[in-house]
Amino acid sequence: MILVQRGDATAFEHLLQRYRQRLFGFLLRRASPQRIEDLFQETWLRVVRARQSFDPARRFSTWLFQIANNLCRDSARRNVLEAKEQARLQSDAAAHGGDGGAALDTKLDARQRLARLPERLREVLVLRFFEDLGEREIAEIVGVPPGTVKSRLHAAVRALRGMPEEYDVTH
Amino acid sequence: MSPTDACRSPRTALEDAFLRRQTPGAEIRAHLDSCVACREIEAELRSLGEALGGLPTGAPPERLIARTLLRARAELSSGSLSLAGVGPLGPRLPRGFARELVRLLAVATAALPLVLAWNALVIRFGGRLLAGFVPEPVLSVLAGAYLASVAGWLAFVYGSIPFVAHRRVQRTISEVTG
Numbered sequence: 000m001i002l003v004q005r006g007d008a009t010a011f012e013h014l015l016q017r018y019r020q021r022l023f024g025f026l027l028r029r030a031s032p033q034r035i036e037d038l039f040q041e042t043w044l045r046v047v048r049a050r051q052s053f054d055p056a057r058r059f060s061t062w063l064f065q066i067a068n069n070l071c072r073d074s075a076r077r078n079v080l081e082a083k084e085q086a087r088l089q090s091d092a093a094a095h096g097g098d099g100g101a102a103l104d105t106k107l108d109a110r111q112r113l114a115r116l117p118e119r120l121r122e123v124l125v126l127r128f129f130e131d132l133g134e135r136e137i138a139e140i141v142g143v144p145p146g147t148v149k150s151r152l153h154a155a156v157r158a159l160r161g162m163p164e165e166y167d168v169t170h
Numbered sequence: 000m001s002p003t004d005a006c007r008s009p010r011t012a013l014e015d016a017f018l019r020r021q022t023p024g025a026e027i028r029a030h031l032d033s034c035v036a037c038r039e040i041e042a043e044l045r046s047l048g049e050a051l052g053g054l055p056t057g058a059p060p061e062r063l064i065a066r067t068l069l070r071a072r073a074e075l076s077s078g079s080l081s082l083a084g085v086g087p088l089g090p091r092l093p094r095g096f097a098r099e100l101v102r103l104l105a106v107a108t109a110a111l112p113l114v115l116a117w118n119a120l121v122i123r124f125g126g127r128l129l130a131g132f133v134p135e136p137v138l139s140v141l142a143g144a145y146l147a148s149v150a151g152w153l154a155f156v157y158g159s160i161p162f163v164a165h166r167r168v169q170r171t172i173s174e175v176t177g
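From first to last, the protein sequence lines stand for chains P and R. Sequence positions in the first sequence follow numbering that gives the first Met the number 0 and run 0 to 170. Sequence positions in the second sequence follow numbering that gives the first Met the number 0 and run 0 to 177.
One or more of the hints may lead you astray.
[Stated by the list, open to error] Facing chain R, from chain P, some residues (calculated, C-beta under 8 Å): (1) 11; (2) 13; (3) 20; (4) 48; (5) 109; (6) 128; (7) 143; (8) 152; (9) 153; (10) 156; (11) 159.
Because the hints were derived from the structure by calculation, they are not lab data. Beta carbons are placed, not taken as given, at the ideal position from N, Cα and C, and that holds for glycine.
Let's have the full structure, built from the sequences with the hints guiding it.
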C-alpha cells in the first residue's frame, strides 16, 4: 500500500488481485445484486483517491472493508426501491415472528434471511461469519464499540432464526 | 421461547460457536444431552450455518477487473503528477492539496485590492477628520498603529491559507472514505 501511496500502478494491481475475491464476496452478501459491480469498482477508486490518508500502521483489509461497508450503507440509503424491499421483507419477518417458526423449514431461504436483516445487523454478521474478522476489527470497520458489535452479532443470529423477541436490537 | 436461566449461557455459547463456524464445546454438549430445547436450537443453528456457508461465493468478472484497473490507473497517474517534485514533505500532503491551496490563494488575492483600497480610504479620510483635533505627531502614530494592525491581520489571514486548504482536503478525504 505504501507503493500505491507513491502512485505505483503495478502495486495497485497486485493489491486488487490479492483482495478481489474477498471484496467481491463481501459485497455479494452485503449489497443488493444489481449494485455489486458498481460498488466493487467504486471501492477501489476510493482506495486510490484516499490513498494518502491511509495509515500504514493499520491493516489494509480493515480499511478496504471500511470503505466498502460505508459505500454499501450509502447505497442502501439512496436506493429507495431497496429500502421498500427491505421494509417488505421485514414485515414478512414480523409476520413470521410470532409463530415460533424459527426452524429452517420456513419459506425463506438463507439468502433471503440474510437480506432481510436490518443493515446494522447484516454488516456485522457478514464481517464475522463470512469474513472471519474479530470483534475489534469489525468495531473499527462499522464505527461502534466492540461491546456493541458483540450484542449486534447475537441479535443478528436470533434475527436469522426468526426470534427477534429474544434480544434487544436498539443498540 | 424465552430461555431459562440454565439455558441462557449455553445458548449464547451456541451462538458464539455458530458465528465462529465451530462446533460447540464439550461443556455445551453436556447441557445439550439433557436439554431438548437447546438441542433443537443447536440443530437449527447448524442447519442455518450450513445453508449460509453454502451460499455461492462468486468471482468478480474479468471485464470488471479490467475496467476498474483502467480507471484506477488514470487516477493514479494524475495523482502522481501532482505530487512529483514536492520534496520530502510531498508524500505527507494529501492529494488535491495543491489545487485547493491555489484556489484559496486566488480568492484571497482577488480580494486584496479591495482590502487595500478600503484601508487607504480609512487612513486618508480618517486623517482628514482627525486633523483638526489631534496633533500631527499623534496622528502619524495612530496611522502607523492602524497600518501595523492591518498588516498583522493580512499576515494572519494569508498565513492560515495553507492550513485551511489542508483541513478542507482532509475533510473531503474523510467524506470520501466515510
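Violations among the numbered hints, reported as their numbers in ascending order = Result: hints 2, 7 break, sorted rising.
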